[in-house]
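Colleague: Given next are the chains, with one letter for each unit.
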Amino acid sequence: MKENPIMRLAVRWNLPFMVVFALYTQTHGELGPGGGFQSGVIVAAAFFLYGLVFGGAEMRRVVPRWFTDLLAAGGVLLYVGTGLYSMFMGYEFLDHAAVMPSNPGGAEPWGMTLVEYGVGLTVFAVMMTIFNEITEGTNPEDNQTGESGADTEFGARA
Amino acid sequence: MDFILDYYNYWACILIMLIGLYGVMAKSNLVKKILALGIFQTGILVFYISIGKVEGGTGPVRAAGENVVYSNPLPHALMLTAIVVGVATMAVGLAIVINIRQTYGTADELDIEAIEHERGD
Amino acid sequence: MLEHLRTQLPALIVVTPLTMGLIVALIGRRQIGWYIAMATTAGVFAMTLQLLMDVLNHGERSLTYLMGNWPVPYGIAYKADPLSASVMLIVAAMAAVITFYARRSVASEVPVGKLHYFWGLWLFCITGLLGITITGDAFNLYVLLEISSLSTYTLVALGKERNRRALTSAINYLLLGTMGACFYLVGVAYLYMATGSLNIPDIAERLQPIYASWGTDAPLYQKTVIAGFAMMAVGLSLKLALFPLHGWLPNAYTYAPSAVSALLASTATKVGAYAFMRVIFTLVGVGFAFGRLHTDIALMACSGAAIIVGSWMAIRQVNVKKLLAYSSIAQIGYIALGFALANRDGMTASVIHLINHALTKGGMFLALGMVMYRLGGTRLSDLRGLGRKMPLTMAAFTAGGLGLIGVPLTSGFVSKWYLVSGCLEGGRYEMAAVVLVGSLLALIYVWRVVETIYFGKRDEEVQVREAPWTMLVPTLLLIGASLYFGINASHTAYIAQAAADYLLGAAR
Chain A
0 MKENPIMRLA VRWNLPFMVV FALYTQTHGE LGPGGGFQSG VIVAAAFFLY
50 GLVFGGAEMR RVVPRWFTDL LAAGGVLLYV GTGLYSMFMG YEFLDHAAVM
100 PSNPGGAEPW GMTLVEYGVG LTVFAVMMTI FNEITEGTNP EDNQTGESGA
150 DTEFGARA
Chain B
0 MDFILDYYNY WACILIMLIG LYGVMAKSNL VKKILALGIF QTGILVFYIS
50 IGKVEGGTGP VRAAGENVVY SNPLPHALML TAIVVGVATM AVGLAIVINI
100 RQTYGTADEL DIEAIEHERG D
Chain C
0 MLEHLRTQLP ALIVVTPLTM GLIVALIGRR QIGWYIAMAT TAGVFAMTLQ
50 LLMDVLNHGE RSLTYLMGNW PVPYGIAYKA DPLSASVMLI VAAMAAVITF
100 YARRSVASEV PVGKLHYFWG LWLFCITGLL GITITGDAFN LYVLLEISSL
150 STYTLVALGK ERNRRALTSA INYLLLGTMG ACFYLVGVAY LYMATGSLNI
200 PDIAERLQPI YASWGTDAPL YQKTVIAGFA MMAVGLSLKL ALFPLHGWLP
250 NAYTYAPSAV SALLASTATK VGAYAFMRVI FTLVGVGFAF GRLHTDIALM
300 ACSGAAIIVG SWMAIRQVNV KKLLAYSSIA QIGYIALGFA LANRDGMTAS
350 VIHLINHALT KGGMFLALGM VMYRLGGTRL SDLRGLGRKM PLTMAAFTAG
400 GLGLIGVPLT SGFVSKWYLV SGCLEGGRYE MAAVVLVGSL LALIYVWRVV
450 ETIYFGKRDE EVQVREAPWT MLVPTLLLIG ASLYFGINAS HTAYIAQAAA
500 DYLLGAAR
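Chains as they are written, first to last, in numbering that gives the first Met the number 0: chain A, 0 to 157; chain B, 0 to 120; chain C, 0 to 507.
By construction, these hints were calculated from the structure, which means they are not laboratory data. As the structure is a computational prediction, the values presented were derived from the model and not from experiment. A few of these clues could be false.
Taking lysine to aspartate or glutamate and the EDC-like style, the derived pairs with C-alpha atoms no more than 20 Å apart in a straight line are [what the hints assert, rightly or not]:
| no. | chain 1 | residue 1 | chain 2 | residue 2 |
| --- | --- | --- | --- | --- |
| 1 | B | 31 | A | 132 |
| 2 | C | 222 | B | 1 |
| 3 | C | 113 | C | 160 |
| 4 | C | 388 | C | 295 |
| 5 | C | 388 | C | 429 |
| 6 | C | 321 | C | 381 |
| 7 | B | 26 | B | 107 |
| 8 | B | 31 | B | 108 |
| 9 | C | 456 | C | 381 |
| 10 | C | 222 | C | 204 |
| 11 | B | 52 | B | 5 |
| 12 | B | 52 | B | 108 |
| 13 | B | 52 | B | 112 |
| 14 | B | 31 | B | 112 |
| 15 | C | 321 | C | 160 |
| 16 | C | 113 | A | 68 |
| 17 | C | 321 | B | 115 |
| 18 | C | 113 | A | 132 |
| 19 | B | 31 | B | 107 |
| 20 | C | 321 | B | 112 |
| 21 | B | 26 | B | 110 |
| 22 | C | 113 | A | 2 |
| 23 | B | 31 | B | 110 |
| 24 | C | 222 | B | 107 |
Next comes chain A alone, as it looks inside the complex (with noise of 0.2 Å):
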């Protein structure tokens, strides 16, 4: 598909968009609709887009294995250490009044926020993961360059 131009701009105008709309969904996490199941996956279904046309390996060119593998941790880790901040704090598990021990009510977003931030950036990562797993060395097109591709491609054809 690299070479069909219409797809090309239609990953490359639609890549920013899809991000831009996964922060606001991000944003609206913490008290409202949205979150960060919903902005992972919408982050992660980006660059699937540009995975699907310009092919595995360039995709892992942008977004390499040992990034994805270090946000899928470290993602979780905020997530843990919000609760082991508020533990060691002197508050229960996960009690965000601990962010904010004047105002326990007005700590909560800000609690949920570093927790949604720390879910968006593993569920990003952990499906990054996934596709990788599923398309690394079984697309033809990554192990192949391009003009070898196209030759299958007739072949398939004849």
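With chain A held as given, fit chains B and C onto it using these hints.
Modeller: Here is chains B and C on its own, set in the frame of chain A:
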């Protein structure tokens, strides 16, 4: 007849679950089995969502006015978690199937059984 | 600060292995994974010990911990009582001992590049098992069940380097295990429809007026509650591999890496049995499950069949690991039979067998792991004449085997003693007979192996040395503990009776 029409949401969920259950039991292709498992889980998701609906209730976002009836948001929140669990299960399952396919050259249970039977184990 | 952290123990026990598992996966340096896992499991063991002390010294004998300080029916509450604390202690102790053992065994069976994932998953699995035990929330239980199961499927699949059938066993386990979890989830939905709550004690409380309405003209939610309990019972039976639903177990145990088999056999099914007990005694109540629905008859039939069929299948195996797996199915039958009796001796037998079988079977799987480490196989022919080559390993295996039969002075005898007296107390003479027949069958399958070990002749002599001490010590520790609890059962009996009284008291 009322028994069916009054509880149409349950019948729909049961139908989806049974399709999934049938697929898991009857198909020999492992990819199809995992897809069927996904269908079964989707049936459960729909079931949970449907029991959270309150008649005449709006979305559970604070609305203006008094005496507003809200639908129960808890099942939705639970299902968000269940969806994630389902995705994780699918991912693990597909990863194992890919491994099986690379090892045996097939993802069909019956073929695998035949291969193992030939080796005599 | 320390006082505060002590009140945080219920959450810390679950969160610590989770965090450490993430860190292991994040660091990715292969050599350091085991050290972190070892330190974590040892720390968790110390914490569970402290928690058990706190619970037993506490006036009400139970501690409730509120996640995020949300009040009870709204938030997730963790609840530690004598039963959950002692099961957690078992899980944590087994995890620590097996982790100590696993370093060389795993290094020889899992590719180097995947070791850090292995240890990460290992810790996630322990997280899930500990979480199932302590959680007081029906939905949270499902999530933790899946955390432990998903990591288990992957751990089983990692046995593919030794035998590719690990892959097919893992996918089979995944399909059935997910089915079980889904059934449990549907059951939770039904109970949520009837009660509008997910907190286990709260559901139990809200079920009381529903039960009370059933004799009257306007029965409330009768079919909903029955369907919910039925779904949960089937789902959890799949998870704990109760007889007709045990199909995934033998292959998963056989082809998993040795250390994983030991961890699974000694903790995973035990935690499943614990969750089942919880659902019957704490959630729906014994008066409903056994008194009204007569589930105890079905459970006894299943567990009786599990004892006979499991032992019979064990006799026919040529792979010793598979033999132990089938024997595990029989042992799960004993545990289920104990709580199906629902009297004090039966419950005590169930809890005590949970402990004893974890020690015995864990030790036996570890002994087989050493055979695997030295010889690369666990078929009966591999064990021929090993009694002279690996005397300590084989002595441990034999002592564990005696425990499976239930010879006096082994821990198996104590649990069977309680079980038989529970059967007699409940007037179930036929079940007492089944237990005795099961022991006879166990004698046959254990003797087959022991005979091969000590009297078998090899065609050509192989050069085998005794296993390294890092593997021997944990094995001997487990088997020694199982022998010790056979001679001096006062500790285990004290804990088991406290747990039995607690459950039966909660049931009333």
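Colleague: Hint by hint, note whether the structure agrees.
Modeller: Hints and how they fare:
1. About 19 Å separates the Cα atoms of residue 31 of chain B and residue 132 of chain A, which keeps this hinted pair within 20 Å; it holds.
2. A threshold of 20 Å between alpha carbons decides the hint, and for residue 222 of chain C with residue 1 of chain B the separation of about 18 Å falls inside it, so the pair holds.
3. Proposed proximity of residue 113 of chain C and residue 160 of chain C is supported: the alpha carbons are some 11 Å apart, at most 20 Å.
4. Between residue 388 of chain C and residue 295 of chain C, the direct Cα distance comes to roughly 48 Å. Violation of the 20 Å bound is thereby established for this hinted pair.
5. Among the hinted pairs, residue 388 of chain C with residue 429 of chain C is inconsistent with the structure: their alpha-carbon atoms are about 43 Å apart, more than 20 Å.
6. Annotation: proposed proximity of residue 321 of chain C to residue 381 of chain C holds, straight-line Cα distance about 14 Å (limit 20 Å).
7. With a CA separation close to 9 Å, the supplied pair residue 26 of chain B and residue 107 of chain B stays within the 20 Å bound.
8. As the CA atoms of residue 31 of chain B and residue 108 of chain B are separated by approximately 11 Å, the hinted pair is consistent with the 20 Å bound.
9. Note on residue 456 of chain C and residue 381 of chain C: the hinted pairing holds, with a Cα-Cα distance of about 11 Å set against a maximum of 20 Å.
10. The suggested pairing of residue 222 of chain C with residue 204 of chain C holds, with an alpha-carbon distance near 18 Å, which does not exceed 20 Å.
11. For the given pair, residue 52 of chain B sits about 14 Å from residue 5 of chain B by alpha-carbon distance, which is consistent with the 20 Å threshold.
12. Our distance criterion of 20 Å between C-alpha atoms is broken by residue 52 of chain B and residue 108 of chain B, whose separation comes to about 41 Å.
13. A threshold of 20 Å between alpha carbons decides the hint, and for residue 52 of chain B with residue 112 of chain B the separation of about 46 Å lies outside it, so the pair is violated.
14. The suggested pairing of residue 31 of chain B with residue 112 of chain B holds, with an alpha-carbon distance near 17 Å, which does not exceed 20 Å.
15. Annotation: proposed proximity of residue 321 of chain C to residue 160 of chain C holds, straight-line Cα distance about 18 Å (limit 20 Å).
16. Restraint check for residue 113 of chain C and residue 68 of chain A: satisfied, since their Cα atoms lie roughly 14 Å apart, inside the 20 Å limit.
17. Annotation: proposed proximity of residue 321 of chain C to residue 115 of chain B holds, straight-line Cα distance about 17 Å (limit 20 Å).
18. Only pairs whose Cα atoms come within 20 Å are accepted, and residue 113 of chain C paired with residue 132 of chain A is accepted, the gap being roughly 14 Å.
19. Between residue 31 of chain B and residue 107 of chain B, the direct Cα distance comes to roughly 9 Å. Compliance with the 20 Å bound is thereby established for this hinted pair.
20. Under the criterion of a C-alpha separation no larger than 20 Å, the hint pairing residue 321 of chain C with residue 112 of chain B is consistent with the structure, at around 18 Å.
21. With a C-alpha separation of about 13 Å, the suggested pair residue 26 of chain B and residue 110 of chain B falls inside the 20 Å cut-off, and the hint holds.
22. Among the hinted pairs, residue 113 of chain C with residue 2 of chain A is inconsistent with the structure: their alpha-carbon atoms are about 37 Å apart, more than 20 Å.
23. For the hint linking residue 31 of chain B to residue 110 of chain B, the alpha-carbon distance of about 15 Å falls within 20 Å, and the restraint holds.
24. Between residue 222 of chain C and residue 107 of chain B the CA atoms are separated by roughly 40 Å; this puts the pair beyond 20 Å, and the hint is violated.
The earlier numbered hints that this structure contradicts are 4, 5, 12, 13, 22, 24.
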